[in-house]
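**Q** Dock chain B against chain A, hints included.
These protein sequence lines map, in sequence, to chains A and B. Just so we're on the same page, the working numbering is the position in the first sequence counted from 1, plus 191. Position 51 (the second sequence) corresponds to 40 in the working numbering; numbering is contiguous.
Since the hints were derived computationally from the structure, they do not count as laboratory data. Only a predicted model underlies this, so the values are computations on that prediction, with no experimental measurement involved. Virtual Cβ for every residue (Gly too), placed ideally from N, Cα, C. Among the clues, some could well be false.
Label pairs and their calculated CB-CB ranges [claimed, not checked]:
(1) B:Gly137 / A:Val657: 30 to 40 Å
(2) B:Glu108 / A:Lys471: 16 to 26 Å
(3) B:Ser163 / A:Lys471: 46 to 56 Å
(4) B:Ile85 / A:Thr613: 21 to 31 Å
The calculated lysine-lysine pairs, modelled on DSS-like cross-linking and capped at a C-alpha distance of 27 Å, are [to be verified]:
(5) B:Lys234 / A:Lys634
(6) A:Lys634 / B:Lys140
(7) B:Lys107 / A:Lys661
(8) A:Lys661 / B:Lys99
(9) B:Lys111 / A:Lys634
(10) A:Lys389 / A:Lys543
(11) B:Lys111 / A:Lys645
(12) B:Lys89 / B:Lys240
In silico contact screen, one side only, chain A against chain B (beta carbon under 10 Å); selected entries [what the hints assert, rightly or not]:
(13) Glu611
(14) Lys616
(15) Tyr643
(16) Glu646
(17) Gln650
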Amino acid sequence: MMNSNEIIDDIANKEYEFGFTTDIEMDIAPPGLNEDIIRFISAKKNEPEWLLEWRLKGYQAFKKLKFPTWQHFDLPEIDLQALSYYAAPKKKKQLNSLDEVDPELLATFEKLGIPLNEQKALTGVAVDAVFDSVSVATTFKGKLKEMGVIFCSFGEAVQEYPDLVKKYLGTVVPHSDNIFAALNSAVFSDGSFVYIPKGVRCPMELSTYFRINAQNTGQFERTLIVADDNSYVSYLEGCTAPMRDENQLHAAVVEIVALENAEVKYSTVQNWYPGDKDGKGGIYNFVTKRGICKGANSKISWTQVETGSAITWKYPSVILQGDYSEGEFYSVAVVRNKQIADTGTKIHHLGKGTKSRIISKGISAGHGDNSYRGLVSVGPRAENARNFTQCDSLLIGNQCGSHTFPYIESRNKSAMIEHEATTSKIGEDQIFYLNARGIDTEKAVALIVNGYVKEVLNQLPMEFAVEAQKLLSITLEGSVG
Amino acid sequence: MLTIKNLHAEVEGKKILKGINLEIPKGEIHAIMGPNGSGKSSLASVLAGRDNYTVTEGEVWFNGKNLLEMSPEDRAREGVFLAFQYPVEIPGVSNINFLKTAVNEVRTYKGLPPLEAKEFLKLTKEKQQLVDFNTNLMNRSLNEGFSGGEKKRNEIFQLAMLNPSLAILDETDSGLDIDALRIVSNGVNKLRDAEKSFVVITHYQRLLEYIVPDFVHVLYNGRIIKTGTKELALELEEKGYDWLKEAEHQKESV
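So here's chain A without its partners, still in its complex pose (with noise of 0.2 Å):
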């Protein structure tokens, strides 16, 4: 049998499975950050005045700000110069259908198991596939339109629907937020849009994957998500990356807004490539989330399966501004070799009556570093309003590090906000226990962790759930203490 120090290693030295690179011709900008660059990619990208306007105002905002100073971890020197801000792979010519597209790049999508292909995608589930900085094809959009449901690249967006993009972005994350959140203002490539229509329900899952391939770029795209009075949507997004020795920057920004009676539940399965067991490499996963519950009991919930990346540093947040709105964060957070995460969520309860739920889930393995941090506030408006936050830590080996910082802020007296939150330990006893009833290490631990995350995981659309489940058993594979 083997010892906890040797199923350490073993872990450590688990490959990671979707390292591999696609050979594209690209369109890439050189180097360089400045008022230039960003007039590039407006003008590449056909945009309003409107747009570049607010791009140079999210640049002109980032050259004030400074790099946060309050994390868990000491934030390695990013040098921004250094990186292209756009790489898209070269068109031969305008895309009509899915058969146009380059079938590289399809057999890249098919290989990481996303088929973009209609006959052969998951039933009920509609596709952006975003490479590099581009959306490279959207599936079922035609199906979609017939309900009034607009799921399409950002660019098409501001082609086609000028007035919605101009009419919501921004208005969640402004483009002065944070430095991250202006940088991707100021150059951000692409990423998808979604409007639901007043009174629909969304017939299918909407879903995102995005791809980093290109070497020295960052990758800064962008969502924006409104749903109209009375309409349903789940959207989910999924990630992964070549493995390459630098760091690469992902710095996207995702707005929602959910009005009078909406619900929304935004879902991402997040496993950018992580480094090897050294540290070296892997992605900087710098991203801003977050969700406007504007019309009286609408709803926003935060799924979020965190697995990969270098450091993952993002707190999916709702604004609870409608009365009787309601706001979920559920969260796993899984490190090992020397990964960091130090993530959690903001609630602001504005609107009266206004309810919150965060079940944070978080795993440390090797040399991980997991930190939860979540803030609840409650504003003197908000009447009665209602929190439950659970913060979940287990540990496997001796060498990794688990930190909670829950802030409360509470402005109203009659606010009820609990917070419950336990460490554990993978133990030794335990898994004897499972090996005595013929159950090997390996699936002792896929038992425990699972039985662990339930909750979180319950919360995913099906075929994702198991999608997750078998992430994490890969990326836990061997890991006790």
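**A** Below, chain B without anything else, positioned relative to chain A:
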């Protein structure tokens, strides 16, 4: 079925088992008694393969196979079952999911296909009734928040589900009230058959009134110092262990 020859084992350098010899044929029940610290539970742990014990000498054969060379999970799959003295709690893992995994792991090892959900539920129901196990406990997390008695009954229920050829009951009676003791013993008695052997480790003669052994062994200071029939248990109940200890010390000093 089980042959233990001159078994020596230590934990953290401390010698615990000092030459155990024991032969357990098919279909028999052997009780192991002895004062605290005599090595009873250690023997159970060594047989099940707990890795903080180091076997320094001796052999253990189980159905013709070298038990000491097997991993704990393979021992279980071969048909060795340890009913734990202190069953652990595993939050988040439901009792039923755990059992299904265990049953199917054992089946896969034997080259059998995993049980279909329907067949599994049928088996569960049948065994639940056999050992009088509360249905409510099936969907709860494994042993989490179970009372001492419920945990022990869960062990016997697992024993029924996994149907091993050798069951080692490590102080299954400790912490049980008289009713729970009766239920647990009834369960064991119903599971008794000509193919199955039991090793019953206990402090008290009381359990042996319910589960009647074929042989009683007294373990003291890491060795079996006396073997008898069930009457030996009664004698121990009456006289305690001191007379045996004294005899043993005299033997040693000779």
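**Q** Now, for every hint given, state plainly whether the structure supports it.
**A** Consistency of the hints with the structure:
1. B:Gly137 / A:Val657: 30 to 40 Å: 38 Å, holds
2. B:Glu108 / A:Lys471: 16 to 26 Å: 50 Å, violated
3. B:Ser163 / A:Lys471: 46 to 56 Å: With Cβ atoms ~53 Å apart, the hint holds.
4. B:Ile85 / A:Thr613: 21 to 31 Å: Hint holds: Cβ distance 24 Å, inside 21 to 31 Å.
5. B:Lys234 / A:Lys634: Judged against 27 Å, a Cα distance of about 45 Å means the pair is violated.
6. A:Lys634 / B:Lys140: 23 Å, holds
7. B:Lys107 / A:Lys661: 25 Å, holds
8. A:Lys661 / B:Lys99: Holds - the C-alpha atoms of Lys99 of chain B and Lys661 of chain A are around 26 Å apart, at most 27 Å.
9. B:Lys111 / A:Lys634: 25 Å, holds
10. A:Lys389 / A:Lys543: 24 Å, holds
11. B:Lys111 / A:Lys645: 26 Å, holds
12. B:Lys89 / B:Lys240: 51 Å, violated
13. Glu611: 13 Å, violated
14. Lys616: 12 Å, violated
15. Tyr643: 5 Å, holds
16. Glu646: 8 Å, holds
17. Gln650: It is violated, given that the least Cβ distance between Gln650 of chain A and chain B is near 15 Å, above 10 Å.
When the structure is compared with the earlier hints, violations turn up for hints 2, 5, 12, 13, 14, 17 and for no others.
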